[in-house]
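A.B. asks: If you want the building blocks of each chain, they are given just below.
2 protein chains.
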Amino acid sequence: MIFKYRFGNPIPTDTVVKESEVREDAVPFVTVLEGESISYEMADADIVYGLGENVRGINKRGWTYCSKCSDQPHHQEDTHSLYGAHNFLVVSGKETFGLFLDYSGVVSFDVGYTTKNGLVITPADWNFDLYILTGESVPAIVKEFRGMVGRSYIAPKWAFGYGQSRWSYMTADEVRQVVKKHRENDLPLDSVYLDIDYMERYKDFTLNEEAFPNFEDFVRELAEENIHLVPIIDAGVKKEDGYSVYEEGMEKGYFCTKEDGSPFVAAVWPGHAMFTDFLNSEAREWFGNQYAFLLDKGIDGFWNDMNEPAIFYTEDRLKEAFEKLDGFKGKNLAMEDFWALLDVTGSLSGNEEDYKTFYHEMNGQRIRHDKVHNLYGYNMTRAAGEAFERLSPDKRILMFSRASCIGMHRYGGIWQGDNKSWWSHLLMNLQMSPALNMCGFLYTGADLGGFGSNTTEELLLRWLAFGIFSPLMRNHAARDTRRQEIYEFEDIPAFRSILKLRYRLLPYLYSEYMKAALDNEMYFMPLAFAYPDDPRAARVEDQLLVGESLMIAPVYQPNAGGRYVYLPESMRMFRLKRDGSLESSILEAGDHYVEIPADEMIFFLRKGHLLPMAEGGNSVPEVDFENLTVFAYPDDGEVSYEYYHDDGVGKDYDNPENRAVITVSGDVRGYEVTV
Amino acid sequence: MIFKYRFGNPIPTDTVVKESEVREDAVPFVTVLEGESISYEMADADIVYGLGENVRGINKRGWTYCSKCSDQPHHQEDTHSLYGAHNFLVVSGKETFGLFLDYSGVVSFDVGYTTKNGLVITPADWNFDLYILTGESVPAIVKEFRGMVGRSYIAPKWAFGYGQSRWSYMTADEVRQVVKKHRENDLPLDSVYLDIDYMERYKDFTLNEEAFPNFEDFVRELAEENIHLVPIIDAGVKKEDGYSVYEEGMEKGYFCTKEDGSPFVAAVWPGHAMFTDFLNSEAREWFGNQYAFLLDKGIDGFWNDMNEPAIFYTEDRLKEAFEKLDGFKGKNLAMEDFWALLDVTGSLSGNEEDYKTFYHEMNGQRIRHDKVHNLYGYNMTRAAGEAFERLSPDKRILMFSRASCIGMHRYGGIWQGDNKSWWSHLLMNLQMSPALNMCGFLYTGADLGGFGSNTTEELLLRWLAFGIFSPLMRNHAARDTRRQEIYEFEDIPAFRSILKLRYRLLPYLYSEYMKAALDNEMYFMPLAFAYPDDPRAARVEDQLLVGESLMIAPVYQPNAGGRYVYLPESMRMFRLKRDGSLESSILEAGDHYVEIPADEMIFFLRKGHLLPMAEGGNSVPEVDFENLTVFAYPDDGEVSYEYYHDDGVGKDYDNPENRAVITVSGDVRGYEVTV
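Protein sequence lines, in the order shown, are assigned to chains A and B.
Quick note on full-length UniProt numbering: the first sequence kicks off at 1 and runs consecutively.
Quick note on full-length UniProt numbering: the second sequence kicks off at 1 and runs consecutively.
It is possible that part of the hints are untrue.
For the chain B half of the interface with chain A, some residues (derived, Cβ under 8 Å), not all of them [stated by the list, open to error]:
#1 59
#2 167
#3 171
#4 267
#5 325
Simulated from the structure, these hints should not be mistaken for laboratory data.
Glycine included, every Cβ here is placed at the ideal spot set by N, Cα and C.
Please model the entire structure based on the sequences and the hints provided.
C.D. replies: Right, here's the structure in full:
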C-alpha cells in the first residue's frame, strides 16, 4: 500500500508515474518534525536496504549518506555522496516499510550513525512528497515502488555483450587494434567505447576528423565485425564562436543563466562551457535532437557523462582565487594559513557556492540550480531517451549515464562511476548493485578492473568473474593507468573461459533482465529477499542472487585460494575450469569453504530452478538463443522456468510470444537436458 | 645462515649489529643485474611475507611497494609508501629464504605486480649490503634476522595500559576531564596523550604555560591517579629568535644545511622550521638531551612525529609556485592547464625535489638528504633512545615514532600512522602487525577507532576488540572529527568489558611481548608460521596468533553478526559477554561460522597451551601479576608455560628470575586452575 504526504510546494520531479492521493492523516511508522527531520527508531536487528548508488554495504546502517549528485572519484568508506540521488530505502525488521522522498534538492540520511538505532532523514528544505510503502515482504514493497516510478530502461541485447573502454582510444586505428586483439585471442567482444578524445576538442556532437576519418564508414566496418562503437556525450557545451551547438543554444536561450540573466559559464573538459537547461522541456528536446548527428552515422549507443553537473571551475571563483592567493604572497605561513592556501585551489572544483549562481526555466518558473540539482543528469538522459523515441522509434538505443536520480531509470542505465582498481571496489560493486535495482536501475555495472589506479591481473580476473553477471559488462580504465585490456595480461586462457561463460549464460541473463524490467522485479538480490526467514542470510554481504535461479559468491580478496559461502538451502555448485569446462556438484545447506583458484570461478543453481544456457559465441549475434541446454536442480516434482526471448532490438516487449515456459520433470537431479 | 654481499660503497645505516663477512660468491636464489635489479621468479603458490609498514595483506603479492618514509595520510590499496622503510621480506614456498637490503635510499619492491610471478627489487642506486637468510622455517629465518639487527625496544609496563589521545587536548582541565570520565565510568586508563597544542606555538621542548600551568604539579597530580602524560615531539624546530633550542642548534651548526652551507628552512606546524641533523652524532646527542626538559618534569613517555621528515613547503618552492600561478591568471584554462594549476599547490607538500636540496654531516662526510632519507626518523628516535640511556639509565621511557627504518626498532616502537576510521583500516592494522614484528617492531599499534574521518560506535567496539591484543593500545583521533573517547558513545558496558579484558590479559600479553623482544620471536604471527604444513592456514589473512597460546579472529566488517574462523587444530574458544563474564567451549579443527554480536568478542586458546590471567584493574599498577588464574587446553600429558614477569620499570631484562614455568597436568581439559 502506498501512503503519500505532501510538504510545502514540491518542484515536480516527474519521478512518479503512478499517481496516489495525498493523505492528510499522520504519517505511519516515522516521526515527522516539520522543518527539521523525518525519523525512525530502529530495532537492533533491523536492516536498512536501498539508497541506490552509495558506498558501504547492502545493509546501510552505520553511516550518513547524502543525496547530492557529485563528481566524486574517491569512493571511500567515508564518502557521503556519489553520482546519483536515490531517496528510496526499505527498513526491514521490527516493522517493515519502504520510504521514498520525491524531492529535487539535497537530503541526508543518517542511518544509525549519530545514534546506533536512529534513522534520521533531513531534506534541505520542506517542499517534497513523502511516500511510505507497505507490503507483505521486502521484495513486494520494492515491486510496489518500482510500479509507482515506471518501467526501467531496456537496453538492446547487443549491450549485454562485453565492452572494452579506455580514456581514450585516440584513433580509429587504435580501436581497430583493440578489436583485432580480441578476435585474434578468441576473446568475445561486442562494443568499444569512445571517451572524450573522439570529439573535436571536447565539443559534443563533433568528431575529431583527423583521428576518426570517414566515421560513418568506420562505424559500418566495425558493425560488420559485430562491434558497436559507443561514444561519450558530456553535459557541458563548449563556448566557442562558430560551433553550431553553442551558437544555436545561445540563440534559443537554452542554456542556464546567472541571476542577472547572462549566460552561466563554467569550465569543464573543453574549458569554458555552457550548461543546457535540461529542465526546460524545449531545451531538452533540442539537446536530444543533437544525438541525431551520431545516430545518423550508425551509432546506436551512448554514455552521458559529467552531468551532475561536474564543474571544474567558474571564472568568477577563479578570479577570486587568484586574489586570495595574492594575499598569501611573501608570508611565513603557519599551518592554518597554509591549509587556507591549499583550500583556495582545492575548493575550485565542484564548489557548492557555484551551484547557487545559476538558474533554470522550468514550466515557466525560474529556479535556482541548487533547488533542482539532483534532476540535472536525470534530465540530460531524459533528453536523450525522449529523443530516441522520436528518432529511433523501432530500435533500442543503448544509453547509460553517470549522474542520476530515480525517474531517470526509465530513460537509461548508469555505470557506477569513476571507481578505482581496488579490491574493495569489487565488493562495493556487488553490494551496490541490488540497491540500484531497488531504485529501478537495472542496466548497471561498474568499470571492471577499476577506472582509476593500476589494476592487477588477479584483480581483473576476479572482477570479471563477478562482472559476467552484470547487465552492463564493461572494462574501463583511466588515462595514465596501466593498460587493462585482457590481452595485456599473461593468463589469457583463464580470462577467455570466464568471458565465454558470459556468452553461454546470456539467454538466462537477458531473460532475467527483461522479466525484471517488465515485471518490476529485482535482477540482483540480497539473499534475504529470497530467504526472509533465515537470519544468517540477512547478514550475508558478499553473495547475491542473480535472477530467480542463480546465486553467486565472488572472490573479492587478493591472494585468496577460495572463500566461504553460505547456502540457505542445498544448491548445485558449478565450477568453471580454465579450459572452459563446467563441473558441478550438489552442496548441502550451510557453510562451506570452497577452493577457487584465480583461474576458476563458481556459481550456484538454486534448488527447484533451471538454468538455460547457450553454446556461446564471440559476440551477441553469434549466440543461439533458441537451442539451449538447460541445467537443472529440480526439487521433487517438475520444475519450470519462464524464458523471455525476443529479437533484442525492437520494442515489442509485452508480446506474450516473448515468454516461453521450459519444464523439466523431477527425475533429473543435477543433470542437463536439451530442450 | 646469513649470506652478505656488498655493492658499491654503502652509507652506514647502523641497522645491523651482528657482523657477517662479505661474500664474493654468487648470490643464492636471486638474479642480480648489477645497476638494475635483484629479481626472483616465484612459484604460483609462493607467499611473500614482510615489508613491515605497508598497505595490503599479510601476503604481499600483487602490488608494488616503495621504501621511502612518507607523510602519507591516505592508506589506500594503491598507496606505495607509508612512514616506514622496512626492506626485509621472506619468500615462502618452492624455496624459502629471507632477503634484506641494508640501504639508506629509496627502493621499490614489485611483488608480482608487473608479472604474476616476478619479484623485482630496484634500489635507487647501487650502494648497499644485500643479505640473504636461510633457515629451517619462516620463523627461524625471522629469528635469525632479528638477531642480526639487535634487540627490539622494550616499553615500560604501564605503556601496555590503555591510552587516550586526541589532536589535541587543549588544556590541563580538558585532560583532567578525560581522566575523570574514564574513572567515573569504570573504564581502565593509563595514559593521556598530548598532541601538538601543548607546546608554545609548536616549539619542541616548550610548554603552553597558559593552557598547562604548573606542568610539573600537573604531571604529579595525574601520576597519583596512575595516569602518564605522553607529549608529542616534532622533527622540525621552529625558527624563532630567542627560542633557545633554535638558537643553540644554529650556534652549534646542528641543523641541516643547503648546498651553499646556509641553513635549510622548511615549513611544518610552527611555520618556518629547522631540521636537526640527526645523522651527525653530536647533533643527535644534543637533540636527545633536550628531552630532559620534560623528563625533569616527571614525563616518562614521548611520541616522535613528523620525522619522515614531513615538509609542508619550502620558501623557494612557494615562491616558484606563486610565479607559476601568476602565469595562469586571466586565461581560459582547458583541462590540462587547470590540472597544472592544481598541481602547483598540490605538489607543495612532501615535494621530492625539496629532499634533494639539503645536506647532512655524517661521519665527517657531507651527504645529500635523499641518499639517507630513510635514516632520518630512525635517527631522531635514536637520539631520544640514546639520551634516555644517559638520562634515565634505570627506568624505561616510553618512545614510539611515526617514521622508521629497521634499526630504529632498538630505540622505540611505532604507531601505524595517520590511518582513518575505516573498517578496512582495522583489517590493515591486523595484517600489518606481523610484518612489523618481522622487522623488529614489537611495540606497535594503530590509532584505534581511526585517526582521520569519523568513527562509529560499532567500528570502535570492533577495533578495540582487536586492539586489546596490541602492545600499543591507543585511541587517537584527528581534529575536526567526531569525539572518539569511549564515554562519548551509547553502550559503555560493552566497551568496559572489552577494555577490562585487556587488563585481565596483561600478564600474558606482557610476558609474550618480553619473550618476543628478548628471544627475537614474533608477538603477532600469521597462522602459517605456526602451522607450516597446513595449506589452508597459509591463506588466512584475517586471523593471527598472539604469542604462543592465543589465536584471534576479529570482526572487521560492519553490521556483521559474526564471522568465519578457520582452526588448523582444535582450540578452546572464549567468548566475552557484555557483563564481562567469559564462557568457553572446545571447537574442533576446521571451518566455523561463529556468531559474535558487537557487544561480545571471542578469542582462542591453542591446544597444549596455557593462558595466565589476572583479576584485572583500571590501571596497570592495579593489576596483580602474581596471583593468576591459568586457563588451559592441555593436550595429553602435562603442559607448561614460561611466564615472564618483572617490575616493568627497570632494565634487568635478562635476569633468569624473571622467568617462571607454570605447569598444568593433563587431567584438566578446558578448565581454569589457580596457581
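A.B. asks: All the hints need checking, so say for each whether the structure fits it.
C.D. replies: To see whether the hints hold, each was checked on the structure:
1. 59: With Cβ-Cβ at 4 Å, under 8 Å, it holds.
2. 167: Constraint on residue 167 of chain B not satisfied, violated at 12 Å.
3. 171: Since the shortest Cβ distance to chain A is 19 Å, the answer is violated.
4. 267: holds (6 Å)
5. 325: holds (6 Å)
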